[in-house]
Amino acid sequence: MRAVVKGRIGVFHPQGFLDGNNVPLLLPIDDIKATEALNIDMLLVSLKKVIFFNKNGFDAFVKFLNYIRDQKHIPVGFCDYDHQKFKTIYTFYKNDINFSLFKNEKIAELFVSNNKSDSKTVLVYNPDPSQRSAMAIELFNYGHNPVVCQNQSEFEQKRTASSLYYAIIEDTYLGFFGQKIATRITGNAVIYTVSNFIDAEITDTFNIAYHNNSLNVGFRLFIFDAYKVISMNIHALNFFTKLASSAAEYNATICFVGLTFEKTPESFKNDLEDAGMLFFNSMDEILKNKELLNDLGGCGGGTAKQQRALNKLLINQLQLLIDATVSTITMMTNTSATKTSVNLHTLSVENSHEQIASSIGFYGDLDGLIILVFPKNIAKKACELLIGSQDVSDEDILDSLAEFVNIIGGRTKVLLSEQKMRLDITLPRTYADIDTLLEIAQNKKGVQVNLDFEGQNFIFFLTR
Amino acid sequence: MITSQDVHNYLLAIPAAPTVVRQALNFVQEGDLVKAAKSANDDPALRHYLKILVNRPLYGFKNEVTDVAQIFGILGLSATQQTLYNYLLSLLVPKKWSLFALTNGQFYDLQASLSKKWETILTHLGIQDKEILSVVSLIPATIIVCDALFSSHKDEIRQLRSVKNLDFSTILQRLSGKDLFDLAAEIGHLWGMSETTITLIQNSSGLNNTLSGEHKLLAQWIHLLLFYELSQSTYVSAGLNEFIDFQIDFVQEIYESFTTVMIAS
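Chains as they are written, first to last, in the numbering used here: chain A, 8 to 471; chain B, 153 to 417.
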């Protein structure tokens, strides 16, 4: 059984009856290795389609999840259960619950980084005060607005106005959380929250894959929210210096906000400034100063001072990348797409108001960004296999488009691995309107391939 | 990937029921087991199949049973009809399974186990109808069809399923307009099975929300029975646990009774 990856969460979907005999068979060695190789921030087992489970079956999953947690330093746990199942699990493990429980995937998604900058207001209740606090801190660190109820009656009263909240968090438990540095996005800035003593452990807790993703999909401003940092040591200094050097390649800016130097050597500040880091006293100094934000690159990739040019290595693989796109479309629709023109210039989109887009970056032995621009009806047709129903919202189409480019990214990875090239792919990003896409891509030179699909044009654009 | 034309071509390639089996089924319909046995005896492959089937430990016979008339006598009318349909299905079993890590022996074990448990369930429900008893024979057709249609698309399916939790039946339905249960029902139609049987096969996908009464009850039991069997270690290893979507809400109301019947059997 393989995990389904949505955003930064991998989810297993077992079905039927789970016991100590069959659970180990759901997870053969190959599938465990494939799970270890996933680029994810959380791993869950969905209990949505499980009608029966016993302690032995659950133990087998817990053992596997703990193994993955130790290997990848990510939160693990279970999701998609009703109150009865939650109570049963809690009874099984009440004195030794070292995994997390999320009532559903929607709630779990609030506790991981994503590419979206929208802050959600959520209602939180847990009878255990320490759990309430832990959830509030994590949610806040991920950029959300938790409304925490202190008792059951307050919760019952507030939940009556359910439309005010994106989600109501109950029957949820955070176990061994905070292993990764929390990340949120505000506008076009990525904010990392760091706290306490920063030492060599930061190489495990900082999600470098996510950071590289963000650079590749066009983010240029990274802020370390360091109000709660007490001090850092030389290992942390080395880490941040290296991070600043790699960011310089993308013309990105890294800032520290709220960092004090009472217990951290003042010389570290000089070293970090030499590496290109900037220091600010408060977040508002950056986020509320549009001119400064623009200078720092927090208003989109269009402000970047240098553009990374296409290189020969990438151009050599152009046909393979187009093939991965075309074969995915053929697979998903049983209809072929044909190339109509190829040009080297900046992205040019006609009738942009009727189009939607998605992008996915890749990095490793080769790095670049694939952008697909579709007429809305073609996007819907391309995603019909994923969506199913004819009657779908624009949001559903965008979500499916993200899954669609993820498949293209996966195929690209497989095809390039046959040439012994190792790649990682970024989170897909979708654009409900082309203006947002152009903010990031308008100054980028790339190869634009126009493709014909059922008589309509869609664009494949490859850039760096 | 798979097109409606591929599905159409697959159905065209399904062989018609052999004359001997058709004759035997007709005699069973008329209630004449002796003539049915005589007819079945003319087909060595059928004779061999029956001998292997009834001597499985599941049937619990102390001495080996080899005579076809004796086998039919032991099984009775309804179970004989069910067994003849099981045999028909066995003709579609591939020489080598490709999509699923299954052996033919394991597949026949699944057929036999489903048949015996379905019989127990119908006894519990107080239903004595040989058409309804035969339904379970065609359910494993979904596995055969799935293996045949998807075996050359394993990589594509793996990529698709890496981003979305889609079962094979749903993928097939979205690509061709027909799901695995629809195709099993078409095979049943081709082999002249009754409308009752065919309708119940389609209902057992658990996706028809308009069902009520006995139609719903039987569909619930067969759906849950299928997942109970597919949760056995052998079939989990074979990859059968995730080839169709388990409709947990559809079966929730009979779950307690199901557990009671399975524990007692």
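The hints are simulated quantities; they were obtained by calculation from the structure and are not laboratory data.
Hints may contain errors.
What the simulated footprint calls covered on chain A by chain B, stretch by stretch (three residues with Cβ under 8 Å from a Cβ of chain B suffice, anywhere in the stretch; the number is not a length) [what the hints assert, rightly or not]: (1) 16 to 24; (2) 54 to 63; (3) 128 to 139; (4) 414 to 420.
Glycine included, each C-beta is placed from N, C-alpha and C at the ideal position.
**Request:** Provide an ascending list of the numbers of those earlier hints which the structure does not satisfy.
**Result:** 3
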